[in-house]
Every structure is written in structure tokens, then in C-alpha cells.
Amino acid sequence: MIKRILDPNPNTRITMAGIKNDEWFKQDYSPAVPDDEEEDTYFDDEAFSMSEMAYDGNKSPESPTLINAFQLIGMSSYLDLSGFFEKEDVSERKIRFTSNHSAKDLVARIQDIATEMGFRVQMKNRRLKATREHRGQKCVGSLSIAAEVIEISPSLYVVELRKSYGDSTVYRQ
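Counting from 1, one number per residue, gives the positions in the sequence shown under UniProt numbering.
Don't take every hint at face value.
[Stated by the list, open to error] Here are the simulated DSSO-like pairs of lysine-lysine, each with C-alpha atoms no more than 30 Å apart in a straight line:
| hint | residue 1 | residue 2 |
| --- | --- | --- |
| 1 | 3 | 20 |
| 2 | 104 | 124 |
| 3 | 94 | 124 |
| 4 | 124 | 163 |
It should be emphasised that the hints constitute simulated quantities derived from the structure, not laboratory data.
Using the sequences plus the hints, can you model the full thing?
In C-alpha cells, the structure reads:
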């Protein structure tokens, strides 16, 4: 039965009617009887939302971003298909790592490092943006990065650094 349910070919895959007619499925089956047919059913649209939780003005800008399980699974490098569509290697523009330090400490440390390196730092909607513009022939190129701290659990955070534009060698530093 499971093999027929998981069959990748839709023409040979078992249908719902086929499952319901199978002897194994019918064994000890008793259909559910609703308590009250007049009862209203409410669905929580937030539970099915794939977007990040909206920015809450009551939270401080340093507080971490909250994500749902689907977004966490989607962060897996094995599921990143951008390599098929983009010329630049993903590792050249995005870095992720985990930390047990608090979100506030992580944001403060990123701000300190960026400031020491001569970046102009801005915090907006719980995302940190660091920009450094250079003009001239002998100066290292311009660079803009975005940093975000994502809460996985109260004691585990993911830090994501992304290069928006600029010199890859400076970004890797």
C-alpha cells in the first residue's frame, strides 16, 4: 500500500478511492461522526502562512526574527536551488552560522566589527545593514552587507550574513 501511495508516476499511483476501497484500510474503520453539524469551523490563517512573522513595533529592533518550521527546513543548503539559476556561487554571497550567545550580544558584536572596519551601520526591522563606499583607484571596493539574527530556540540563534553588492574579498574578511 505504501509503495503504491509513494509511486512518483501519477498514472500508476493509487487514488484516494483506491485507498478507501483497500481491505487493509477498511479493517476496523469506523467513520467519524461530527458532534454538531452547525458548528462553525475557524481556520488560523497564520498557521498556514509561509512568510516571516510581521515586525511588531513593541519589540526592540535588536530582538531576533522568528521563523516557522517550513522556513527553518528551507534554510538547508541541500534545498538551495539558486546554483542552477545564478552564476555566482551562493557561498560567495551568503554565510550562516549558529550561536548560543543572545541575539542582543550577536547584533552588538556585528555592529562593533562592522564599525571597526569602517562601515556605516543601520538597524531597521530587526535587520542590520552595513555599507562602505570607496572612491578611487587604490581603495578596496565598495561593499554592502545585511545581517539578520534568527531565533531557533531561546538559547540557539542562526546568524545570516548576505552580501548585497560589492567586493567579495572584503566580504570574506
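Against the structure, the hints:
no.: 1; hint: 3 to 20; in the structure: holds (16 Å)
no.: 2; hint: 104 to 124; in the structure: holds (14 Å)
no.: 3; hint: 94 to 124; in the structure: holds (19 Å)
no.: 4; hint: 124 to 163; in the structure: holds (17 Å)
Every hint from the earlier list agrees with this structure, and none is contradicted.
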